[in-house]
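J.: Sequence:
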Amino acid sequence: MKIYNTLTRKKEDFRPDGKAISMYVCGPTVYDVPHIGHVRSAYVFDVIRRYFLYKYRDKGYKIRFVRNVTDVDDKIINKAREEFKDEDITLAVAKVSKKYLDVYHKRMDEMGILRPDEEPKATEYIKKMQDFIGILIERGAAYESGGDVYFDVKKARDYGKLSNQSLEMLESGARPVRKSEISYGSRVSPGENKKDPLDFALWKSAKEGEISWPSPWGPGRPGWHIECSVMSSDILGDEFDIHGGGIDLIFPHHENELAQSEGAGKKFARFWIHNGLLTIDKEKMAKSLGNFVTIEEVLKSYPADVLKILFLQTHYSHPVDFSWEKMEEAKKVYDRINILIERLNRLKTQGSRLKVKKSLQPTVSSLEDSFKKRFEEAMDDDFNAPKGLAVLFDMVNRCNILLESKDESKNFILRHTAEAMEEMFSVFGLAFEEKKAPISKKEIEELILLRKKAREKKDFKEADRIRQDLDKKGIILEDTKDGTVWRVR
1 MKIYNTLTRK KEDFRPDGKA ISMYVCGPTV YDVPHIGHVR SAYVFDVIRR YFLYKYRDKG
61 YKIRFVRNVT DVDDKIINKA REEFKDEDIT LAVAKVSKKY LDVYHKRMDE MGILRPDEEP
121 KATEYIKKMQ DFIGILIERG AAYESGGDVY FDVKKARDYG KLSNQSLEML ESGARPVRKS
181 EISYGSRVSP GENKKDPLDF ALWKSAKEGE ISWPSPWGPG RPGWHIECSV MSSDILGDEF
241 DIHGGGIDLI FPHHENELAQ SEGAGKKFAR FWIHNGLLTI DKEKMAKSLG NFVTIEEVLK
301 SYPADVLKIL FLQTHYSHPV DFSWEKMEEA KKVYDRINIL IERLNRLKTQ GSRLKVKKSL
361 QPTVSSLEDS FKKRFEEAMD DDFNAPKGLA VLFDMVNRCN ILLESKDESK NFILRHTAEA
421 MEEMFSVFGL AFEEKKAPIS KKEIEELILL RKKAREKKDF KEADRIRQDL DKKGIILEDT
481 KDGTVWRVR
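Just so you know, my numbering puts 221 at position 221 of the sequence shown, and the rest follows in order with no gaps.
One should not assume that every hint holds.
To be verified - Using 30 Å as the maximum straight-line C-alpha spacing, the simulated DSS-like pairs for lysine-lysine come out as follows: (1) K410 <-> K461; (2) K300 <-> K98; (3) K79 <-> K106.
Calculated directly from the structure, the hints in this document are not laboratory data.
Quick caveat, the model's predicted, so the values are computed rather than measured.
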């Protein structure tokens, strides 16, 4: 398996250390409802996690997935003042963060995104953050100034190596740009108590009307960057396998995390994985532009799998452009696969007691192995989901051809191909949940039988009436070589 490592800017062999794979991914700042940009990032790392589960399922490996929650920062404080202006600020912040974390969980559950194994919150780690800051001060990597504590960037070894920038570039305010042409980072500005404009806050002294905690440097709250360094090392150890997040976090957030951890004498992450951002009709998504699309809006019109199929068509490291037209195209792909799955499910029911003939076993195994091999080769190459999806499309085409063939062995081959497809669906978190019919299966099959008898009597008017009545109820009939099959629209 090879993974592109942002730190080294090349694909490197990934080999788990011991019998566990540890992943830390930057999670939500909970002050508003989640949008489709949030789910794109969450889905990228969900697929990576699921592929590890698939690849190492029989090798005794444990996958440990941690995603943090930022439940205190400027945006949360501002939202708390808006929504709970008459409340104590500490209580108001707690209410806002809980409200929007609950919404985030609900939407991710609806999207079929697996919950993390651990989900630490910033407010639960205040004391450990203070201890970490104390270590940085002792080692000369940070300094206190007027109740604030700053990290001394000039003391950091190789600062800028993650974002591929030199101190000279940063001091001049240069904007680094990746191949995706999406810039990240922002010009640093001087602070009142900083020695250098590049230095960043580890601890912020309390301002009037803000939430705060007591500390050795006076009341205040932690800076944003310190929380991930502390949480990741506390849960996963000083060195872990993968640190992930959006490309917009490379600088300054992840750059500062790396500098802090190394400043405290820790090794930190071996691999850094970053997903490309999401645009709407080729424009940056923003409420001010009127193109802000929430997960709830999408799920009102489409199954979660449709959005996932749209995302899977682009490599995780590249930007994704969302449009409602592209969602319609993804819906057609979804429908095509779903129709096949419904037909295969009925095939399973019809022939559930049949076993594969010994003479057919080599053919079935060879077919399964060829598809699995191609799928795994794609995913082993830096999680190339578009290529993996193409393998699934080939399997769908193969199944459709078999369904229409007169080959006596097709049912055996189809059932085993379907099982291989289900494994791949699980890697992509695709559910393809069976739609519920408005009438019972027994009623549908009785009407299909009546239609068959009407056609045998050449009463085509009655046969058409039955088809039309079922169509009005959302039941679509398809006449195949093996008889009439039905599906829910």
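J.: State for each hint whether it applies.
T.: So, going through the hints one by one against the coordinates:
Pair hint K410 plus K461 does not hold up; C-alpha atoms about 34 Å apart against a cutoff of 30 Å. Proposed proximity of K300 and K98 is supported: the alpha carbons are some 24 Å apart, at most 30 Å. Under the criterion of a C-alpha separation no larger than 30 Å, the hint pairing K79 with K106 is consistent with the structure, at around 20 Å.
In the structure shown, a violation is registered for the earlier hint numbered 1 alone.
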